[in-house]
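Student: Chains as they are written, first to last, in numbering that gives the first Met the number 0: chain H, 0 to 228; chain C, 0 to 262; chain X, 0 to 232.
Be aware that a few hints might be false.
Said to hold, decoys possible - Derived BS3-like pairs (lysine-lysine); straight-line CA-CA distance at most 27 Å:
(1) Lys171/H x Lys111/C
(2) Lys203/H x Lys15/C
(3) Lys224/X x Lys35/H
(4) Lys4/X x Lys52/H
(5) Lys35/H x Lys201/X
Stated by the list, open to error - A short list of chain X residues far from chain C (calculated; beta carbon distances all over 12 Å):
(6) Lys37
(7) Lys48
(8) Glu77
(9) Glu99
(10) Pro100
(11) Val114
(12) Glu117
(13) Gln120
(14) Asp122
(15) Ile190
(16) Asp196
(17) Glu209
(18) Pro231
Because the hints were derived from the structure by calculation, they are not lab data. The C-beta atom is built at its ideal place from N, Cα and C for all residues, glycine as well.
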Amino acid sequence: MGSLLVQEKDIIIPGEILAEGMDYLPGENTYRENDKIHARVLGLVTLSGRVVKVTPLSGPYVPMIGDKIIAKVVDITMSGWRLNTNTAYLALLNVKDATTRFVRKQEDLSQIIAIGEYVIVMIINVTSQRLIDASMREPGLQKIVGGRIIEINSQKVPRIIGKKGSMISLIKTHTGCEITVGQNGLIWIKGTPEGEHKAELAIKIIEERSHLSGLTEAMEKYLGETHDL
Amino acid sequence: MIVNKTLIRELAKQGKRINMRSLTEYRKPITIETNISWTAEGSAKVQIGQTVVLAGVKLAIEKPYNDTPSEGGIMVNAELVPLSSSEYEPGPPGPKAVELARVTDRGIREAKAVDMKKLCIKSGEKAWFVTIDLITINDDGNLFDAVGLAALAALKAARFPVVDQKTGAIDYKQKTEEPLPLLKEPLPVTIYKVNNELLVDPTWEEENAYEARLTVSADKDGTISALQKGGEGPLTISEVAKMVDLALEKAEFLRVELDKAFE
Amino acid sequence: MTYKKRLDGRAFNELRSMEAKVGVVPNACGSASFRMGKTWAIAAVYGPKEMIPRFLADPTTGVLRCHYNMMPFSGSGERIRPGSNRRSQEIALVMTKALEPVVDLSEFPNSVVDVYVELPQTDAGTRCAAISAASMALADAGIPMKDMVSSVAVGQVDGMVVADLNYNEEAYEEGAVSDIPVAMTHNTKAITLLQMDGEISKEDLLKALELAREVTEQIYELQKKALKEKFPK
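Assemble the whole structure, with the sequences as input and the hints as a guide.
Tutor: The structure is reproduced here in structure tokens:
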């Protein structure tokens, strides 16, 4: 026996009961106490067969191997750079992971990437203490030059990218901008100032309405309609 | 919080801003509410864009200073609380908060905005002392202008508390209808120089890209009561003249907004 | 027992009018405003972020750290000298203890989650309003939590067990008064904050706690509504 007390896409607060009885299974961001499944975070209910999970609507980014993130250089060490990832944890970018060319021992690393500059990197390792190793050697990874960087909540990143990149492609097409979305919520936009501003506004709207359905259609309409500033 | 310094400076050269406002436009909305705190003798909340600040006026009866026995006094205190930004830490006011407080203070004091003599109750013995506390709720830039507006609004909204005539004790829970003796209404406007262009009302991001700023505090008739230059870069005399002109023009705009709160 | 009708006319189990709103400090990871009568608390959450000073970092879990401050013009009498004092330090401590049991920071070792509460005006029950606001702000920030925490001051005024004492009741001079700030989780009504000052009999204390159990439900409903209102359809 068991009963589901919520529906798909319901907004749920921490502690709220999602289901009773042993028929349902506690998925991500839920927990079971006795025979009840509770939400563990503010978010949206997602049902997947018998698994009840909650998709957070806000919350900190948890660094994962393979994630592409945008980070800021905060320190230069003997062997590389230390990066602020917009989380509680710093990332280390080793010189050998930053470039394919040979870097001489005494070379001034700040000439390659200086403190305060931003980079697009990939997370290649995360220790149990959450120390992060990053690499910039894959294609698409680079030091950021030009354009602007904006910040959104990392939980909204999947919505900004969209299914198979549909949402982000929509924004790119309508604004003429190159856009790189970091999994940690930092987004690099590069185009004309007007295009960048339009893209920024569009992304903020998606962030605000991420819990609603029909968003792709709504954004198509919005982007098609806004005039160039 | 991200700062796109290079972009902001590049755009300024073209007379543009990162969020497409004009250089001399204030953010919308500007909202000014008074009497937001029942425990203050006068208070105000000012919101410019996403910057939100509170101002509270407290009155107390104290012995006048020796050198001004027939006058009351005024003091301005500002706190940049960690609630309002990840940039601030708990603790006593740092240089930024102190500058904010002192510039706002000078604007009011040097304009002789409050009639200190009318604050005197009994020469040499008792006078009213006014303290204005400025607290940030969300710092998204241009605190100078926001707190200046809030301080003035709070002063205008303030009313003396009831004083027991026999014991001289203040009953803070009851207010009279009597406002503070305000002679002038000084208002600060800060002009920022970004890549040699002048702009007003920067967001927090834009504030991190300026080379110099000038706060001009003036009364309704354009008499300047305080100036404060900030920033690492220098200013020429002609730049100062332009900044003062722009500041006086913008002050008129802000006064219209302020008047709305008192209709 | 002379206290038959409450000073402001409320029923013994009636809370003052309340107002809750989420997302009031855009710079913060999560924030909330909570009003209980004339007491108004604004809470903002920053974190998880790097714990500074480092020696306070816990390698097994993130650390919750609350801060409480009454604005200089928020007291019912004279201006309050700004800055930390023993009272605000103690309140910050009990606030942290009231929220720790529900907050789960095990996924964020060596980090800190700071909760700042500022009060622009007060009329008793400040730590309770602060805790209710902080609980909403933490949920707003997406911090993993087992449950919400709701808080109210119950107690007795001259023999009458009441909920949500205001300043005048706390300061009531014509009889014994007991002021009992309580915080409870929603699902199990577990008590995470309990303090008392004044005088009370054991029977009345238990009555007061039962009353708290009952009225915190109303606070919870308001908190829930405010959090859901952030996401309009």
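Student: Next step is simple, just say for each hint if it's right about the structure.
Tutor: Here is how each hint holds up against the structure:
no., hint, in the structure
1, Lys171/H x Lys111/C, "57 Å, violated"
2, Lys203/H x Lys15/C, "21 Å, holds"
3, Lys224/X x Lys35/H, "22 Å, holds"
4, Lys4/X x Lys52/H, "49 Å, violated"
5, Lys35/H x Lys201/X, "35 Å, violated"
6, Lys37, "6 Å, violated"
7, Lys48, "8 Å, violated"
8, Glu77, "6 Å, violated"
9, Glu99, "19 Å, holds"
10, Pro100, "24 Å, holds"
11, Val114, "9 Å, violated"
12, Glu117, "5 Å, violated"
13, Gln120, "4 Å, violated"
14, Asp122, "8 Å, violated"
15, Ile190, "27 Å, holds"
16, Asp196, "22 Å, holds"
17, Glu209, "32 Å, holds"
18, Pro231, "19 Å, holds"
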